[in-house]
Amino acid sequence: MKSFEEILDFAIDNEQKAHDLYMDIAEMATRPGMRQTFLEFAAQEMQHRERLEAIKAGKLPELDQARVETLGLSEHLVDVPVEKDMDYQSALLFAMKAEQRAYDLYAGLAKATDDPNLVTLFEGLAQEELKHKLHFEREYDDVVLGDN
Amino acid sequence: MSLKYTIAPFSAWLQAVSKPFTVPVTGGPRPGAPRYRGWHINDVEKCIGCGTCSAICQNEAIDMVPVDDPVVGDSGLRPKIDYGRCCWCALCVDVCPSGSLGMSNEYVWADTDADVFRYIPGVDEKPWDDSELGWRREEGFELVDHDRVPMGMLDPDERTQTWAEVVIGYTEEQARVEASRCVDCGLCVAACPAHMHIPDYIGAIRDGDDARAVQIIYDNNAMPEMCGKVCTRRCESVCSIGVQGDPLAIRWLKRYATERFDNLAEVLQPQVERVGEGRTVAVIGGGPSGLTVAYYLAIRGFEVTVHEALPQVGGATFFGIPRYRFPMSSLEKQVDLLKSAGVKFVLNHRVDGDELTRMLAENDAVFMGVGLMKPMALRAPGEDLPGVIPALDMLREQNLGHEVDVGEKVVVVGGGNVAIDASRISRRLGAEVTIAYRRRVVDMPADDEEIEDAEAEGVEIVTQAIPLRVEATEDGKLDFVWGPAEMVQEEEGKRPRPKLIEGVENHLVVDRVIVAIGQGPDLDWLPTEISEKICNKWGYIEVDETGMTAVEGLYAGGDLVNDTADAISAIADGLRAVNGIVDKTRAQHV
Ligand SMILES: Cc1cc2nc3c(=O)[nH]c(=O)nc-3n(C[C@H](O)[C@H](O)[C@H](O)COP(=O)(O)OP(=O)(O)OC[C@H]3O[C@@H](n4cnc5c(N)ncnc54)[C@H](O)[C@@H]3O)c2cc1C
Ligand code: SF4
Ligand code: SF4
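If you read the protein sequences in the order shown, they are chains A and B.
Counting from 1, position 129 in the first sequence corresponds to residue 129 in the working numbering; the numbering is continuous, with no gaps.
Counting from 1, position 210 in the second sequence corresponds to residue 1210 in the working numbering; the numbering is continuous, with no gaps.
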């Protein structure tokens, strides 16, 4: 990957894939309310995609480089497989881990690149993923860990 | 007519230029004495609109008038004083529970408009608003008793050796004294989710009419002995006496009144319209919301059947709350009343999706109050090891009378009521108990008194402790590994959140890890065509203002509907559904 556009296309494609995955899970979800949950997750991924497209088209300013402080909630929790009877707790855990993986990917790419412009872009994308992760962490902290 | 009278009007004019008889005041009016009782001042931010000033004023000089939207703990009203009536006795100042009301030492005020002498101190600006001088209630001089009558409790050492109730309860004399502290302001009524008529039943207790108190209590609470023992008492948190002293012991007074009578049916003779004759209602789940629906519909003539999965109704107050807080005899007494009102119970019966569909077709209404039955999982590595158990399962086994073995050492993860109950039960089972909680003690959702009681019984609380993993040790124990957390205030106005401090690990070797981090709904059994209509994304059920779901005739309430998850909110949800069903039935009669 070389150009700014190519990298954004790659990131846009990743958001699309995440959207499609959530749509698939929504389709098979059996637990009450979970179809709605995954459709909402999918819609959020679509918003992320649209945001990146707007940046690519120059309609939005470049990605924010400010460091996002997450709660570090999912790192010590177990991985959850995709299953049709996922509950809300598993769904949030899955989403937090997915955003963390996306962060790791962009942060890794930033390290592997010498071009300072591309480093800035990858780091911006990485922080963007952390923002998404923080959103799910807060929900997990409020809803799942209400008594803890 | 004499000449004298003829010239009098003209000679009167001479007075205009003659030396006055009055002595002009030099330097303006004399200032009032430092503690003079002059025009009122009120710190309206501190005032809670309780109206006690208005109630005590013997001249009826104070009206409570709306100045703001009411919020819990503040009626939004403020006192408006009519100086055509006020005699400056200062009783209002001396009684004011918040200490907001005072009097300036200003007393001179002339105006041709009589209406200006009725104003709202602190709201209608006056020159003396910031007056430091004038009458204030003296330190230590209280018209209202600030100290609560203390509640007798078992000694902490004794408690862990027995399953007996910890709280002893008020004697008649204690209850009357405690009840006489109430100023009848009614702020508590707005704070209570069921809007119980608190000042009225407290007044009846004060006047020695306990039967009347119970009748008032049963107006809108069918499980008051339970509430009198374990209620989260939102009412007490807004009690006006609590602003400067101890809030009224509302929960203990309710407990006192209901415990006075063994046969409630003899005391209660509800006079309500039997609007439901010939109609049937099925209730799924015998928790507080379901039992509320059952009682209030049964006394209105509905034929009600409660279907409960466990061998006893009561819901979480039966299978969750330990007997030393809410004994079986109290629960049975309340259930007996329901039976005498004609409610039928089908126990040991778990309703499934097909039966629900059938019930909807065969009854005039169905109410679902099946609570939050699914414990949240730890989701940390090692959570599947034997010995890592959900607190709800452990409490249920204990309350069903089955043998529970927690070993010698236990860690309970969580800080809500469930965690505290699990830890205090474990103490009674002989274990050494540590609670590991991710946040601080102030953040614990459990009742402050329960936390204190647990500590008094020897439970150790470790705060800001994040579970990292559980490992099996070679000698068959569990190593509970946790990391310390720092609290980060990342969103303005929200409670701070714990964040793991990386690189530090603490170990606690125990026999059981009891998980009490939260509960969620377990509604997998609902038919999809119903769950799609009534469940939100969290898997909770949504209802309208009549308590009905999006499925016609299907009502719901309790923990799986509200976000407060306590017994009194479940009762309030039950009452909402009762009103919904009764109103609908009435409309059908027309
Ligand atoms: C350990 C513990 C301690 C608590 N302490 C307090 C406290 O101190 N103060 C307080 O105010 N609140 C406390 N609570 C919360 C309080 O008990 C609940 O808010 C309240 O009981 C909720 O009432 P509910 O009507 O929603 O039903 P629940 O009490 O949750 O009862 C639901 C009932 O439905 C039954 N059920 C479920 N599914 C089915 C089915 N398919 N068919 C038939 N029956 C079914 C269940 O067996 C259960 O009996 C505590 C809860 C627990 C667990
Ligand atoms: S008694 Fe005090 S707190 Fe209550 S309404 Fe009057 S001024 Fe306000
Ligand atoms: S000073 Fe006395 S008469 Fe005047 S408003 Fe207060 S209580 Fe009433």
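Think of the hints as simulated: they come from the structure by calculation, not from any bench.
Hints may contain errors.
[Stated by the list, open to error] 20 Å max Cα-Cα, derived DMTMM-like pairs, lysine to aspartate or glutamate:
no.: 1; chain 1: A; residue 1: K84; chain 2: B; residue 2: D1524
no.: 2; chain 1: A; residue 1: K56; chain 2: A; residue 2: E6
no.: 3; chain 1: A; residue 1: K84; chain 2: B; residue 2: D1522
no.: 4; chain 1: A; residue 1: K131; chain 2: B; residue 2: E1490
no.: 5; chain 1: B; residue 1: K1080; chain 2: B; residue 2: D1113
no.: 6; chain 1: B; residue 1: K1374; chain 2: B; residue 2: D1384
no.: 7; chain 1: B; residue 1: K1537; chain 2: A; residue 2: E27
no.: 8; chain 1: B; residue 1: K1333; chain 2: B; residue 2: D1352
no.: 9; chain 1: B; residue 1: K1374; chain 2: A; residue 2: D104
no.: 10; chain 1: B; residue 1: K1494; chain 2: A; residue 2: E123
no.: 11; chain 1: B; residue 1: K1499; chain 2: A; residue 2: E83
no.: 12; chain 1: A; residue 1: K84; chain 2: A; residue 2: E69
no.: 13; chain 1: B; residue 1: K1374; chain 2: A; residue 2: E75
no.: 14; chain 1: B; residue 1: K1499; chain 2: A; residue 2: E40
no.: 15; chain 1: B; residue 1: K1494; chain 2: A; residue 2: E139
no.: 16; chain 1: B; residue 1: K1046; chain 2: B; residue 2: D1068
no.: 17; chain 1: B; residue 1: K1374; chain 2: B; residue 2: E1273
no.: 18; chain 1: B; residue 1: K1533; chain 2: A; residue 2: E27
no.: 19; chain 1: B; residue 1: K1584; chain 2: B; residue 2: E1545
no.: 20; chain 1: B; residue 1: K1537; chain 2: A; residue 2: D141
Quick caveat: nothing in here was measured; it's all calculated off a predicted structure.
Status of the hints after comparison with the structure:
1. K84/A to D1524/B: Status holds; Cα separation ~12 Å.
2. K56/A to E6/A: holds, 10 Å
3. K84/A to D1522/B: Holds, at about 15 Å.
4. K131/A to E1490/B: holds, 13 Å
5. K1080/B to D1113/B: holds, 17 Å
6. K1374/B to D1384/B: Between K1374/B and D1384/B the Cα gap is close to 16 Å, so the pair holds against 20 Å.
7. K1537/B to E27/A: Given pair K1537/B, E27/A holds - Cα atoms ~14 Å apart, limit 20 Å.
8. K1333/B to D1352/B: The hint is violated at about 29 Å.
9. K1374/B to D104/A: Violated, at roughly 33 Å.
10. K1494/B to E123/A: violated, 29 Å
11. K1499/B to E83/A: violated, 29 Å
12. K84/A to E69/A: Cα-Cα ~32 Å, so violated.
13. K1374/B to E75/A: Given pair K1374/B, E75/A is violated - Cα atoms ~24 Å apart, limit 20 Å.
14. K1499/B to E40/A: With a Cα-Cα distance of about 27 Å, the restraint between K1499/B and E40/A is violated, given a limit of 20 Å.
15. K1494/B to E139/A: holds, 13 Å
16. K1046/B to D1068/B: holds, 14 Å
17. K1374/B to E1273/B: violated, 39 Å
18. K1533/B to E27/A: Status holds; Cα separation ~16 Å.
19. K1584/B to E1545/B: holds, 13 Å
20. K1537/B to D141/A: Within the cut-off at roughly 17 Å; holds.
Figure legend: structure checked against the earlier numbered hints; hints not met, in rising order: 8, 9, 10, 11, 12, 13, 14, 17.
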